[in-house]
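Undergrad: Residues per chain are reported as follows:
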Amino acid sequence: MPVLWTFLIVLALAGCAYLLGRARAISVADGDARKLHSLPAYYGWFGVLLTAVPSLLVMAAWLLITPILIDARVVATLDMTALPEDSTQALVMSDVRRVASGLDVAVEQGVLAEDALVASPELAEGMRALLGDLGVALGSDVSPEVLGAAIAYRDLASQSYALMTIVVLGLAVLGLVGAYLKIAPEFRARNVVELGIKALLILCSSIAILTTVGIVLSMLFETSRFFQDYPWQRFFFGTSWNPSFSGRGGGSDLGILPLLWGTLYISFLALLVAVPIGLYTAIYLSEYASPRMRAAAKPMIEILAGIPTIVYGLFALITVGPLLRDYIAEPTGLGSASSSVLTAGLVMGIMLIPFVSSLSDDIINAVPQAMRDGSLGLGATRSETIKQVVIPAALPGIVGAVLLAASRAIGETMIVVLGAGAAAAQWEDGRFLNPFEAMTTVTVKIVSQLTGDTDFASPETLVAFALGLTLFVITLALNVLALFIVRKYREQYE
Amino acid sequence: MTDTSLTPPAGAAPRAKTSLLREDAHTSRRNAAEKRFRMYGLIAVMCGILALVMLLISIVNSGASAFRQSYVTLDVYLDEAKLDKKGERNLEDIKKVSTFGYSPLIKNAVLSAMEENGIVIEGLSDKEAGALISKEAPATLRYFVLDNPDAIGTTQTFTLLANGRVDGYFKDRVTMESAALDKNTSPEQLMLADAFLEAGVLENRFNWSFLTAPDASGQRPEAAGLGVAMLGSLYMMLIVLVCALPIGVAASIYLEEFAPKNWLTDLIEVNIANLAAVPSIVFGILGLAVFINFAGLPQSAPIVGGLVLTLMTLPTIIIATRASLKAVPPSIRDAALGVGASKTQSVFHHVLPLAAPGILTGTIIGLAQALGETAPLLLIGMVAFVREYPGSPPDGFFDPASALPVQIYNWTQRSDPAFVERASGAIIVLLVFLLCMNALAIFLRRRFERRW
Chain B
11 MPVLWTFLIV
21 LALAGCAYLL
31 GRARAISVAD
41 GDARKLHSLP
51 AYYGWFGVLL
61 TAVPSLLVMA
71 AWLLITPILI
81 DARVVATLDM
91 TALPEDSTQA
101 LVMSDVRRVA
111 SGLDVAVEQG
121 VLAEDALVAS
131 PELAEGMRAL
141 LGDLGVALGS
151 DVSPEVLGAA
161 IAYRDLASQS
171 YALMTIVVLG
181 LAVLGLVGAY
191 LKIAPEFRAR
201 NVVELGIKAL
211 LILCSSIAIL
221 TTVGIVLSML
231 FETSRFFQDY
241 PWQRFFFGTS
251 WNPSFSGRGG
261 GSDLGILPLL
271 WGTLYISFLA
281 LLVAVPIGLY
291 TAIYLSEYAS
301 PRMRAAAKPM
311 IEILAGIPTI
321 VYGLFALITV
331 GPLLRDYIAE
341 PTGLGSASSS
351 VLTAGLVMGI
361 MLIPFVSSLS
371 DDIINAVPQA
381 MRDGSLGLGA
391 TRSETIKQVV
401 IPAALPGIVG
411 AVLLAASRAI
421 GETMIVVLGA
431 GAAAAQWEDG
441 RFLNPFEAMT
451 TVTVKIVSQL
461 TGDTDFASPE
471 TLVAFALGLT
481 LFVITLALNV
491 LALFIVRKYR
501 EQYE
Chain P
37 MTDTSLTPPA
47 GAAPRAKTSL
57 LREDAHTSRR
67 NAAEKRFRMY
77 GLIAVMCGIL
87 ALVMLLISIV
97 NSGASAFRQS
107 YVTLDVYLDE
117 AKLDKKGERN
127 LEDIKKVSTF
137 GYSPLIKNAV
147 LSAMEENGIV
157 IEGLSDKEAG
167 ALISKEAPAT
177 LRYFVLDNPD
187 AIGTTQTFTL
197 LANGRVDGYF
207 KDRVTMESAA
217 LDKNTSPEQL
227 MLADAFLEAG
237 VLENRFNWSF
247 LTAPDASGQR
257 PEAAGLGVAM
267 LGSLYMMLIV
277 LVCALPIGVA
287 ASIYLEEFAP
297 KNWLTDLIEV
307 NIANLAAVPS
317 IVFGILGLAV
327 FINFAGLPQS
337 APIVGGLVLT
347 LMTLPTIIIA
357 TRASLKAVPP
367 SIRDAALGVG
377 ASKTQSVFHH
387 VLPLAAPGIL
397 TGTIIGLAQA
407 LGETAPLLLI
417 GMVAFVREYP
427 GSPPDGFFDP
437 ASALPVQIYN
447 WTQRSDPAFV
457 ERASGAIIVL
467 LVFLLCMNAL
477 AIFLRRRFER
487 RW
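From first to last, the protein sequence lines are chains B and P.
Going from the first sequence to our numbering is simple: count from 1 and add 10.
Going from the second sequence to our numbering is simple: count from 1 and add 36.
Note that these hints are calculated values from the structure, not bench results.
Check each hint, because a few of them may be wrong.
[To be verified] List time: in silico DSS-like cross-link candidates among lysine-lysine, alpha-carbon distance up to 27 Å:
{"id": "1", "chain 1": "P", "residue 1": "Lys297", "chain 2": "B", "residue 2": "Lys208"}
{"id": "2", "chain 1": "B", "residue 1": "Lys192", "chain 2": "P", "residue 2": "Lys71"}
{"id": "3", "chain 1": "P", "residue 1": "Lys297", "chain 2": "B", "residue 2": "Lys397"}
{"id": "4", "chain 1": "B", "residue 1": "Lys45", "chain 2": "P", "residue 2": "Lys71"}
{"id": "5", "chain 1": "P", "residue 1": "Lys362", "chain 2": "B", "residue 2": "Lys308"}
{"id": "6", "chain 1": "P", "residue 1": "Lys71", "chain 2": "B", "residue 2": "Lys498"}
{"id": "7", "chain 1": "B", "residue 1": "Lys498", "chain 2": "P", "residue 2": "Lys297"}
[Stated by the list, open to error] Label pairs and their in silico Cβ distance ranges:
{"id": "8", "chain 1": "P", "residue 1": "Gln449", "chain 2": "B", "residue 2": "Leu282", "range": "57 to 67 Å"}
{"id": "9", "chain 1": "P", "residue 1": "Ala100", "chain 2": "B", "residue 2": "Gln398", "range": "43 to 53 Å"}
{"id": "10", "chain 1": "P", "residue 1": "Gln335", "chain 2": "B", "residue 2": "Glu312", "range": "33 to 43 Å"}
{"id": "11", "chain 1": "B", "residue 1": "Gly120", "chain 2": "P", "residue 2": "Lys379", "range": "36 to 46 Å"}
{"id": "12", "chain 1": "B", "residue 1": "Gly142", "chain 2": "P", "residue 2": "Asp186", "range": "51 to 61 Å"}
{"id": "13", "chain 1": "P", "residue 1": "Gln335", "chain 2": "B", "residue 2": "Gly142", "range": "53 to 63 Å"}
{"id": "14", "chain 1": "B", "residue 1": "Gly142", "chain 2": "P", "residue 2": "Lys219", "range": "34 to 44 Å"}
Cβ coordinates follow ideal geometry from the N, Cα and C atoms, glycine included.
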C-alpha cells in the first residue's frame with residue numbers, strides 16, 4: 011500500500027525534523043538555551059510543521075483529485091459504441107475499476123506477469139474465471155474494451171502513485187532542509203508554531219461547517235438527479251406511494267404525502283404521550299419532590315434517554331405491539347396488525363419523556379425564586395403558583411423543548427422501522443385516521459429504498475435522497491425555531 | 037358624631053362567620069386541586085419509571101435464555117469409507133467431501149447413542165433422530181477433520197449444538213402441540229431430547245459461542261453469535277475515538293479560548309448546535325453519498341461506519357469539552373499569562389489538563405451514544421450477512437463487518453422466532469456495555485472532578 015508507506019515515511023521524516031531542529035537550535039546558541047528566542051523544543055516543532063504539513067496537504071489533495079482526472083482520461087479512451095446498449099458510463103467505469111483491482115491482486119500473487127497484460131480477446135475471455143479464482147467476483151464477462159481500459163487505468167494509477175510519492179517525499183525533505191537552514195537564535199520559532207497550531211484548531215472547528223455543507227450538497231445533487239427523472243410536482247403533491255421494482259420509474263408513484271402523514275401522525279401521538287408525562291415529571295421533580303426522591307427518580311428517568319433506539323424498536327416489536335393487538339385492536343375490531351401507528355407512537359413517546367422532562371426541568375429551575383415567593387406570599391397554593399406564575403414564565407422555553415422533541419420524533423428511525431409497519435397511509439374509508447393501522451414514515455422509506463441492492467440510476471433509489479432532504483429541511487426549521495425561542499427566553503432572566 | 041363602622045347599613049345580610057381554623061368550601065376546593073395536581077405529577081413520574089421497568093423486564097425476559105444453549109455430546113465414528121475413499125489422507129481429496137457427506141455420520145452417532153442408553157421411541161424416524169442435531173454440526177465436524185486428517189477412521193467425542201427447535205423446547209418456546217404442526221421438528225424428536233437429557237447426553241449450559249461465534253443463516257438460529265458484530269463495533273469505536281476526540285477537543289479549544297466574535301465563529305456555533313439535532317439517518321445518507329459513492333470506500337466496512345459515527349459524535353464531544361473548559365476558572369489562565377506563558381501555552385499546559393476529566397467523561401458518553409446508533413449504519417451496508425471475522429487493523433478496518441445494533445436489527449427481520457431471543461440477548465449485551473461505559477464516566481467524574 012504505497013499511500014500508507016508514504017505517510018509513514020513522512021511521519022518518520024517529521025520525527026527526524028524534530029530532533030534535528032532541536033539539536034540545531036542548541037548548537038547555533040552554543041549550547042546556551044537562553045540565547046534563543048524560543049525554547050529549543052519549539053525549533054523542533056517548527057521543523058515538524060514545515061516537513062509534515064505541506065507534504066501531507068499535497069498528498070490529501072492528490073488522493074482526492076487524481077482519481078477524477080484518471081477516470082476522465084480513461085473514459086475519453088473508451089469507445090462507448092463498442093459497448094452493450096443498456097450500460098451507462100458509470101456502470102462501465104465501475105467494471106473497469108473492479109477489473110483493475112482484480113489485476114492488481116493477480117499480479118501480486120504472481121498469477122499474471124506484468125508484461126502479459128495486453129488487451130487481447132484471449133486474455134479478456136478467461137479474465138472472469140481467473141479473477142473469480144482469486145476471490146474477485148465479477149458480474150459479467152470482461153470485454154476486450156473494458157480490459158484495455160482497466161489496463162490503462164492501472165498504468166495511470168501506478169504512474170500517479172509514483173509521481174505522488176516523489177512529490178510528497180520531495181516536499182517533506184525540502185521542508186526539513188528549509189527548516190534546518192532557517193533556524194537562528196533570533197528566529198521566533200514559538201510564534202510560527204503557535205500560528206500553525208491555531209490554524210489547525212480553526213481547521214478542526216470548520217469540520218462542523220464542512221459536514222453541514224456535505225450533507226446539503228450530497229442530498230441536493232442526488233435530489234436534482236431524481237427530479238430530472240421524476241416531476242417534482244408529483245413528488246410533493248402526489249397522494250400515493252407505490253414504487254415499482256421492475257422497471258425504471260415508469261410505473262412508480264412516489265408521492266411524499268402519505269409518508270409525511272404517517273410521520274406526522276406518529277409524531278403527534280408520541281408528543282401526546284411525552285409532553286404531559288414529561289412536563290408533569292419535570293414539575294413534580296423540581297417543585298414537589300424531596301431531595302432524596304429527586305436523587306432517585308431523576309437518574310432513572312434519564313436512563314431512558316441513554317437507551318439506544320433499537321432497544322425501543324424491539325420493545326415495540328415484541329411487547330407493545332402484540333399487547334395492543336391482543337387486548338385492544340382485535341377485540342374492538344379496529345385492526346389486526348401488531349405494528350401500528352399507536353405502537354410506534356406510544357414507544358416513541360416513552361423515548362421522548364426524558365427529553366421533554368430534562369429540558370423543561372432546566373427551564374423551570376431557571377425561573378427566579380422571587381417570582382414563586384411573591385406568588386406564595388399572596389396566598390396562592392403551590393399548584394396555583396406553578397400554573398399561573400412558573401409555567402407562564404417558562405412557557406417559551408417549554409415550547410422550545412416541545413419543538414425539539416417534535417423534531418426528534420420526526421427524524422426517529424429505528425422505532426418506526428420495527429414498530430410502524432411498511433405500508434403507506436391509505437386515504438379511502440378514513441383508514442389514515444385509524445391508529446391501529448400500520449403506516450409507514452419518511453425515515454422507514456429512506457431505509458427501505460437505500461438498503462439491499464440499489465441502483466443509483468433509478469428514481470426508486472434516488473427518491474430516498476429527496477425524502478432525506480425534505481426531512482433535513484423540516485427538522486432544521488424546527489430546530490432553528492426552537493433554538494430561537496429558547497435563546498430569546500433566556501435573555502430575559504439572565 | 038356617627039360611627040358608621042358599628043352600624044351596618046340597613047338591609048344588608050349579616051356576614052357568615054368564618055374561621056381560619058375551619059376550611060370553607062372555596063379553600064377546600066383549592067386544596068383539593070392542589071392535591072390532585074401533586075398526584076398528577078407523581079403519576080407522571082411513576083409512568084416514566086414503570087415504562088423503564090417494563091422495557092427492561094421485557095428484554096431480559098425474552099433475552100436471558102440466549103445465554104443458555106442445549107448441547108449434545110456424541111461419539112462420532114469418522115467413517116473412512118465416507119470421508120476419504122482412497123484412504124490416502126490427501127487433504128485435497130478430503131476437502132472434496134462437502135458437509136452433506138458428514139450428515140450421515142451424525143445421524144449414525146445419534147442412533148448409536150440411543151441404542152447405548154436403551155432409548156426406544158415409537159414413530160421416530162432415523163431422519164428425525166439425526167435432525168436433533170443442528171445443521172451447523174456437519175460443518176463443525178468437517179473443520180475438525182480438515183485440521184486433523186489422521187482422526188479419520190477413529191471415534192471422536194464431540195459436543196455439538198442441538199437443533200434450534202429442541203433448544204427452544206427446553207426454553208419453553210416450543211411445546212409438544214406446536215411441534216406437531218411444525219415441519220422442522222416433531223413431538224417424537226422432543227421426546228428423544230427429553231430422554232437424552234435424562235441420560236446425560238444432552239445438557240443445557242452457558243453459551244459462550246453466543247458471544248464469540250459469527251452470525252449464522254436463517255435456518256440455524258442456534259449457531260448465531262455476536263463475534264463479528266462485537267469486533268465490528270469495537271473497530272468503529274476505535275475509529276470514533278481516534279478521530280472524534282482530537283478533532284472535537286481542538287474545535288472546542290478554538291471556540292472557547294481563541295475564537296474572536298465574528299461571523300465565522302457564529303457560523304460554526306450554529307452549525308454545531310444544528311448538527312447535534314440532525315436526525316441520525318441523515319448522517320447515513322451523507323456517509324453513503326460521500327464516503328461510499330464519492331470517495332469509493334467499501335460498503336459494510338468499519339472505516340465508513342466509524343467516520344459517519346465520528347461526525348455524529350463530534351457535537352456531543354464539543355459540547356461536553358466546552359462546558360469543562362468553561363468550568364476552569366479564569367484565574368488559572370491569568371496566572372499562567374502573568375508569569376510569561378503565551379496564550380497557547382496557558383491553554384495547553386494548564387487549562388487543558390484541568391479540563392481533562394470532563395472531556396474524558398463527555399467522550400465516553402459520546403462513544404456510548406455512537407455504540408447504540410443503528411440507522412446510519414443500515415444505509416452504509418452494515419446489514420449485509422457477514423460470517424468472516426474482519427482482519428486485524430489497519431487492513432481490518434476495510435473488511436466487511438457487522439455492528440452490534442445492526443446485528444440486532446438483522447435478527448429481528450428473520451422469520452424463525454428463535455432469532456427474537458437472540459436479538460433480545462444481543463440487546464442485553466449492548467446494554468451491559470452501555471452500562472459499563474456510563475458507570476466508568478460517572479466514576480471518572482466523581483474521582484477527578486474538581487469544584488472551584
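Undergrad: Please go over all the hints and tell whether each is borne out by the structure.
TA: For each hint, the structure was consulted:
Restraint check for P/Lys297 and B/Lys208: satisfied, since their Cα atoms lie roughly 16 Å apart, inside the 27 Å limit. Taken as a hint, the B/Lys192 and P/Lys71 pair is broken in the structure, with Cα atoms around 80 Å apart against an allowance of 27 Å. Between P/Lys297 and B/Lys397, the direct Cα distance comes to roughly 40 Å. Violation of the 27 Å bound is thereby established for this hinted pair. For the hint linking B/Lys45 to P/Lys71, the alpha-carbon distance of about 79 Å lies beyond 27 Å, and the restraint is violated.
Between the alpha carbons of P/Lys362 and B/Lys308 the distance comes to roughly 25 Å, so the proposed pair stays at or under 27 Å and holds. Proximity of P/Lys71 to B/Lys498 is assessed by CA-CA distance (about 34 Å); at most 27 Å being required, the pair is judged violated. Only pairs whose Cα atoms come within 27 Å are accepted, and B/Lys498 paired with P/Lys297 is accepted, the gap being roughly 19 Å. Range check, P/Gln449 to B/Leu282: about 29 Å between beta-carbon atoms, so the 57 to 67 Å window is missed.
A beta carbon spacing of about 50 Å between P/Ala100 and B/Gln398 agrees with the range 43 to 53 Å that was offered as a hint. At roughly 36 Å, the beta carbons of P/Gln335 and B/Glu312 sit within the given window of 33 to 43 Å. Checked against the given bound of 36 to 46 Å, the beta carbons of B/Gly120 and P/Lys379, roughly 58 Å apart, lie outside it. In this structure the hint that B/Gly142 and P/Asp186 lie 51 to 61 Å apart at CB is violated, the actual value being about 33 Å.
Our hint of 53 to 63 Å for P/Gln335 and B/Gly142 is violated, since their Cβ atoms are close to 20 Å apart. In this structure the hint that B/Gly142 and P/Lys219 lie 34 to 44 Å apart at CB holds, the actual value being about 36 Å.
The structure shown violates the earlier hints numbered 2, 3, 4, 6, 8, 11, 12, 13.
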